[in-house]
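Asker: If you want the building blocks of each chain, they are given just below.
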Amino acid sequence: MSERSERSATRVFLVDDHRLFLSGVRAELAGRADIVGEATDVESAVEGIRATEPDVVLLDVHLPGGGGRAVIETVRPSHPGVVFLALSVSDAAEDVIGVIRAGARGYVTKTIAAGDLAAAVERVREGDAVFSPRLAGFVLDAFAGDVPPGAALDPELDQITPREREVLRLLARGYTYKEIARRLEVSIKTVESHVSSVLRKLQLSSRHELTRWATDRRLI
Amino acid sequence: MAGAMASTPRSPLASLPPGLARRRDERVVAGVCAGVARWIGVDPLVVRVATVILSLANGVGVVAYLVAWLVLPVEDEDAARTVEPPAGAGRGRAAEMALGVGCVTLGTLLLVRWVAPFFPDGLVWPAAIGGLGIGVALARAGDGDHRWRELAARLPGNPVEALRGGAGAWVRIAAGAVLLVVGLATFLATNGAFASLGAIGVSVVATALGGALILGPWIARLVRQLGEERRERIRNEERADMAAHLHDSVLQTLALIQRHADSPPQARSLARRQERELRAWLYDDRRRAGDGAADTLAAALDRLADEVEADHGGTQVEVVTVGDCPLDPGVEALVKAAREAVVNALRHSGAPEVSVYAEVAGGRVEAFVRDRGRGFDPATVDGDRHGIARSIVARMARHAGRADVTSAPGEGTEVALSVACQPEPAP
Numbered sequence: 001m002s003e004r005s006e007r008s009a010t011r012v013f014l015v016d017d018h019r020l021f022l023s024g025v026r027a028e029l030a031g032r033a034d035i036v037g038e039a040t041d042v043e044s045a046v047e048g049i050r051a052t053e054p055d056v057v058l059l060d061v062h063l064p065g066g067g068g069r070a071v072i073e074t075v076r077p078s079h080p081g082v083v084f085l086a087l088s089v090s091d092a093a094e095d096v097i098g099v100i101r102a103g104a105r106g107y108v109t110k111t112i113a114a115g116d117l118a119a120a121v122e123r124v125r126e127g128d129a130v131f132s133p134r135l136a137g138f139v140l141d142a143f144a145g146d147v148p149p150g151a152a153l154d155p156e157l158d159q160i161t162p163r164e165r166e167v168l169r170l171l172a173r174g175y176t177y178k179e180i181a182r183r184l185e186v187s188i189k190t191v192e193s194h195v196s197s198v199l200r201k202l203q204l205s206s207r208h209e210l211t212r213w214a215t216d217r218r219l220i
Numbered sequence: 001m002a003g004a005m006a007s008t009p010r011s012p013l014a015s016l017p018p019g020l021a022r023r024r025d026e027r028v029v030a031g032v033c034a035g036v037a038r039w040i041g042v043d044p045l046v047v048r049v050a051t052v053i054l055s056l057a058n059g060v061g062v063v064a065y066l067v068a069w070l071v072l073p074v075e076d077e078d079a080a081r082t083v084e085p086p087a088g089a090g091r092g093r094a095a096e097m098a099l100g101v102g103c104v105t106l107g108t109l110l111l112v113r114w115v116a117p118f119f120p121d122g123l124v125w126p127a128a129i130g131g132l133g134i135g136v137a138l139a140r141a142g143d144g145d146h147r148w149r150e151l152a153a154r155l156p157g158n159p160v161e162a163l164r165g166g167a168g169a170w171v172r173i174a175a176g177a178v179l180l181v182v183g184l185a186t187f188l189a190t191n192g193a194f195a196s197l198g199a200i201g202v203s204v205v206a207t208a209l210g211g212a213l214i215l216g217p218w219i220a221r222l223v224r225q226l227g228e229e230r231r232e233r234i235r236n237e238e239r240a241d242m243a244a245h246l247h248d249s250v251l252q253t254l255a256l257i258q259r260h261a262d263s264p265p266q267a268r269s270l271a272r273r274q275e276r277e278l279r280a281w282l283y284d285d286r287r288r289a290g291d292g293a294a295d296t297l298a299a300a301l302d303r304l305a306d307e308v309e310a311d312h313g314g315t316q317v318e319v320v321t322v323g324d325c326p327l328d329p330g331v332e333a334l335v336k337a338a339r340e341a342v343v344n345a346l347r348h349s350g351a352p353e354v355s356v357y358a359e360v361a362g363g364r365v366e367a368f369v370r371d372r373g374r375g376f377d378p379a380t381v382d383g384d385r386h387g388i389a390r391s392i393v394a395r396m397a398r399h400a401g402r403a404d405v406t407s408a409p410g411e412g413t414e415v416a417l418s419v420a421c422q423p424e425p426a427p
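As given, the protein sequences belong to chains A and B, one line each in that order. One point on numbering: in the working numbering, the residue at position 146 of the first sequence is 146, and numbering is uninterrupted. One point on numbering: in the working numbering, the residue at position 307 of the second sequence is 307, and numbering is uninterrupted.
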């Protein structure tokens, strides 16, 4: 606790091409985070993030000049310490999965309440993952089904454990980490580590479903 | 080498005397005579007459001209002098060009005949007409000097390439083809080839080859254009579809929201409803097609959320669905039970938000309706709530399903529903 209070406010960089939305987020985060900069397109975002080196970048998925993915992919190699939290109105699976696989630590929708957004920013700053119920649903979809026979899969990456599935299902049902911890009778830290592990798998897995997933879904 | 000529105006021979170049701006055929004349410093007419005389004398003229055409660089130094001809001038140029090619062919053949007299007129005249035809086909008029220059630069390179493009090009190509065919036919006829049946085949093949050579690129382009036009039409239809949708739903909703600006819950639920609709329309093809098409669990749950939100202003129903299945009676009962649970939660829990999660796996649908409201103690519930809980349980039981209500005061409520379902529709 004392460590928390000694730490300076989280330095947040906002990237969104809708100025109206930018000013809304700025007002919501006022007093809870330190907004160090804003950008409305990929190029200025990359420049601004490199110049200000924020703790957390709140990143819109749809941006002129290549989208949120392009920002992450450009900035991450040189600034691995900057974490990205994707923020979008889009619920399209390929957008959400795409930005997570590019390296975002979480995804929340723009309708998120102000307090929840500030909490999500804190959470990703501390290195944890932030899953909205919808993202949890997408991941369950992506890792659903039997592994195709004969497919060369890395069990470490290409499958989620029963416990992780349980956590994801509770997330999709609208449970908070705290509620999940109580329900599964584990610590919040354990829940967080399960979610982080799922995030890692989502980012690194070469599971067939993940690459072809969006197309598959459209065909259903 | 010809290709290099076409793409760069520099001489391929480093040893060429400086200043010697083709003059496209003064040319009759390719500007060789004009270039040489300028280099020597005489009137181009002198060089041209000399070339013709040389050609008729022993053929040196023609050969020298062709070699110079290939070797000499193109000079455009006097671009300022090259006044853009009026739009119609290209047509005159085209005729000039055609005549030029025809004359060169005729001259060459007359020369060859003079040197080696065994070529009869039956070859000379048809070939001359054919040359004229090629000239007409290659010439593209009507686009001003630029096109013309482009063509001239390409001529020694790939004549087929030169056939492409240009408004009305097909008229010239057709005229060229006719002339070619006439040339070929005359040739075959005067040589008595039609007498033998085999020669007819030859003439047909030759004619077809000539036509294909000239028309091939044009046909290919036509096909490509048709494809592009179709794609464009599809795009336009999509755009019109989008515009219609935006008008019917989004603009209407925005107008309604403005009218309800003093009533936040109503404005909010309008915005919410429109958001859901637009989202489904943009991102979810199954649900977009949903109206009359095969009904599925996911579509039914989305509709449920829609309707409940509309009936209970200011509330939110978040639906997450994993997998999908057709809406058979059992699944329909589950959706109805879920709806009761949602309405119940909104009415009694005091929470403005309800989460619905449904998962299809292993031949079963599981659905959870959860709120974070005040909750209740299942042991001491009042009659109304118990009744609803019971009706949900009974409804599920009729379809061999299950319903469990979990709640505690201050902890919110969760209703878990499950029922067997048919496998997911095949893709």
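It cannot be assumed that every hint is accurate.
[Claimed, not checked] One side only, chain A facing chain B, incomplete, derived with CB under 7 Å:
#1 80
#2 82
#3 141
#4 174
#5 178
#6 181
#7 183
[What the hints assert, rightly or not] Among chain A residues calculated to face chain B with C-beta under 10 Å, some are:
#8 17
#9 21
#10 22
#11 79
#12 89
#13 136
#14 172
#15 173
[To be verified] The following residues of chain A were derived to be distant from chain B, with all beta-carbon distances above 10 Å:
#16 81
#17 101
#18 144
#19 157
#20 158
#21 169
For the record, the hints were derived by calculation from the structure and aren't laboratory data. C-beta: ideal position from N, C-alpha, C; glycine also.
Asker: Now tell me, hint by hint, if it's right for this structure.
Answerer: Verification of the hints:
1. 80: violated, 32 Å
2. 82: Violated, about 29 Å.
3. 141: This interface hint holds because 5 Å falls under the 7 Å limit.
4. 174: With a minimum Cβ separation of about 3 Å from chain B (threshold 7 Å), the hint on residue 174/A holds.
5. 178: Violated: closest Cβ of chain B sits about 12 Å from residue 178/A, beyond 7 Å.
6. 181: At 14 Å from the nearest chain B Cβ, residue 181/A fails the 7 Å test, so the hint is violated.
7. 183: Cβ of residue 183/A sits 10 Å from chain B, so the hint is violated.
8. 17: violated, 17 Å
9. 21: violated, 14 Å
10. 22: violated, 19 Å
11. 79: Check failed: Cβ of residue 79/A comes no nearer than 32 Å to chain B, outside 10 Å.
12. 89: It holds, given that the least Cβ distance between residue 89/A and chain B is near 8 Å, below 10 Å.
13. 136: Hint holds; residue 136/A Cβ to chain B Cβ min 7 Å, cut 10 Å.
14. 172: holds, 5 Å
15. 173: It holds, given that the least Cβ distance between residue 173/A and chain B is near 4 Å, below 10 Å.
16. 81: holds, 32 Å
17. 101: holds, 18 Å
18. 144: The assertion about residue 144/A is violated, with a minimum of 7 Å to chain B.
19. 157: Holds, because the least Cβ-Cβ distance between residue 157/A and chain B comes to about 21 Å, which exceeds 10 Å.
20. 158: Since the minimum Cβ distance to chain B is about 18 Å, residue 158/A lies beyond 10 Å and the statement holds.
21. 169: Contrary to the label, residue 169/A does not stay out of reach of chain B, its closest Cβ about 7 Å off (not over 10 Å).
This entry does not satisfy hints 1, 2, 5, 6, 7, 8, 9, 10, 11, 18, 21, going by the numbered hints stated previously.
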